[in-house]
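Given the coordinates of chain C, assemble chain Z onto it according to the supplied hints.
Going line by line, the protein sequences match chains C and Z. FYI, in the numbering used here the residues of the first sequence are 59 to 362. FYI, in the numbering used here the residues of the second sequence are -2 to 189.
Treat the hints as calculated values from the structure; they're not laboratory data. Incorrect hints may have been included.
Cβ-Cβ distance ranges computed for the label pairs, FRET-style [to be verified]:
#1 Z/L17 / C/L352: 46 to 54 Å
#2 Z/S94 / C/I113: 36 to 44 Å
#3 C/I121 / Z/F25: 50 to 58 Å
#4 C/R145 / Z/L29: 37 to 45 Å
Don't be surprised by glycine CBs; every beta carbon is placed ideally from N, CA and C.
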Amino acid sequence: MINQILFLFGLYGFGVYFGLIFKRQIPCAFIGVTGFLWGTLFWVVGGIFFKIVSIPYTPVSMIGFFIILAVVFSIIHIKMNTWQLSRSELTYLLLMAIAFILVLVIASIFNLSVGSTDSIANIFLGRRIAYEGHSEAFFQELSLLGVYLPQLQSASIFLGDDYLYAAQPAFAYTFFLIYLYLSHQVIGNLFSDKRVALALTFLTGLVLFSTYYMVWQVFYIHNNMISAVYLFVAVSTFWLASIEDKYSWMIFALLGLMGFSLARIETPIFALIFLVIVISFDQFSYRIRLISILPYLFILSISL
Amino acid sequence: MKSIIFLIVLSIVIIHTTILRNKVWIRFGTMLFPLILVVNIIYNFYSFDQINKAKEWQLQRLPSNELIDLIEMMPTPIKTPWIYPLIGEYYHGRTLSIPLNLLDPLDLSLELLQSQGRLAYVKTIEHDKKLTEHEVEMFLRMKYVELYLENGETYHFITEEMGPNSPLLILKHERQIFIIPEDLLLESEVNP
Chain C
59 MINQILFLFG LYGFGVYFGL IFKRQIPCAF IGVTGFLWGT LFWVVGGIFF
109 KIVSIPYTPV SMIGFFIILA VVFSIIHIKM NTWQLSRSEL TYLLLMAIAF
159 ILVLVIASIF NLSVGSTDSI ANIFLGRRIA YEGHSEAFFQ ELSLLGVYLP
209 QLQSASIFLG DDYLYAAQPA FAYTFFLIYL YLSHQVIGNL FSDKRVALAL
259 TFLTGLVLFS TYYMVWQVFY IHNNMISAVY LFVAVSTFWL ASIEDKYSWM
309 IFALLGLMGF SLARIETPIF ALIFLVIVIS FDQFSYRIRL ISILPYLFIL
359 SISL
Chain Z
-2 MKSIIFLIVL SIVIIHTTIL RNKVWIRFGT MLFPLILVVN IIYNFYSFDQ
48 INKAKEWQLQ RLPSNELIDL IEMMPTPIKT PWIYPLIGEY YHGRTLSIPL
98 NLLDPLDLSL ELLQSQGRLA YVKTIEHDKK LTEHEVEMFL RMKYVELYLE
148 NGETYHFITE EMGPNSPLLI LKHERQIFII PEDLLLESEV NP
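If we strip away everything but chain C, and leave its shape as in the complex, we get:
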């Protein structure tokens, strides 16, 4: 249980560390809320990368992959002078980290996980990745499921757990916070009175997350919640990129779209439709659009 909490918290921390590269343009609130999404995305993309370059998928190789990424991010941080945090930023990030670890601990102690045929298929497929690597038989089974959840669940073998039971609640918690953050941005644009905007944000958030089906999805081991949260982030951050005229939002929009595309087998089709809108959007220069889109298309094409 401890291993799982530390692993998921480590992914969250890594995601925050990555997000802080953009802290000059992106609010720290957004970075602190979405860290888990980027950390897990790096884990999944790392696993796919190892398959492509035929490196065995082991805990050592994954740790090596994350160390290399951390070094790259550190160089960028030093170069851009983004490694220094103000007292308020540090306090906020620490509070977010404590809240996140609390969610993981509670989800691990009170395991309310719900499983279906798909859940078990995803868990078993994940365990097979860890045992056998990405074999041909594995890819045949994967043709019915997305790669994201099995790849993430495969970490359970390295951790000595049967499956990742705290991951779904962590995604749901992230979704709840992102929903509050981004809907506040949207509602704030519609209402001049900040109190009304804040009240409506919380009320709509509570309506959504008190609905039975939504609560059920918090514990349901499936790719539904994962694809939903990435799509929500992709669409919202693209909208923010357009209204705030900040290029950095585009990076998060494309990362969100990447997570969405890897979550289910049919999602790349919807993602490509969304991408057409992004490409046709001429607010940013052609060069910026190309830089944003090419890494996404590259990873998507090699993972398909």
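What follows is chain Z alone, placed relative to chain C:
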């Protein structure tokens, strides 16, 4: 009745729109909409337990964080292909013997047992021993994990402590299938 309620609500909206003109949306956004949301939240909390109890897939705390508990809490029975990885969870690296006469009725693949079941060796044997009711009762007194398959059969993975290298044997009695270490079987025959 519904049509009357609809007409009343529509009339109120039209009257408000006429009297308040542009202010109607501000009033709606700041007063009526939050009220609707609060009612919705109260209803969600109030109805949660009832919906949960009525559902087949209920939210309930699992007895442990083990995979078997997640599987057992599922309302749907287990599919035969899941047996392979589950064998791997309990008997990883062991040798398994399957009586030839059981291979077809159990619909098991030797190849998948070895690969997905992560067994060291899988072999077929000539074994036509019929389990007695007494033996079945004795097996069921041992430590085991029970799995109900969608075809109505039940697998019993005997997990009673025995020599870690003891070969395993699959035995069937009516709709019950037992995977049992051979040492335990021999012991039960010596000390019935």
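In this structure, is the beta-carbon distance linking C/R145 and Z/L29 contained in 37 to 45 Å? This hint holds: roughly 42 Å between Cβ atoms.
Honestly, do C/I121 and Z/F25 meet the 50 to 58 Å range at C-beta? holds (55 Å)
Between Z/L17 and C/L352, is the Cβ distance one that fits in 46 to 54 Å? holds (52 Å)
Taking 36 to 44 Å as the stated bounds, is the beta-carbon spacing between Z/S94 and C/I113 within them? holds (37 Å)
The structure is consistent with each of the numbered hints, conforming to all of them.
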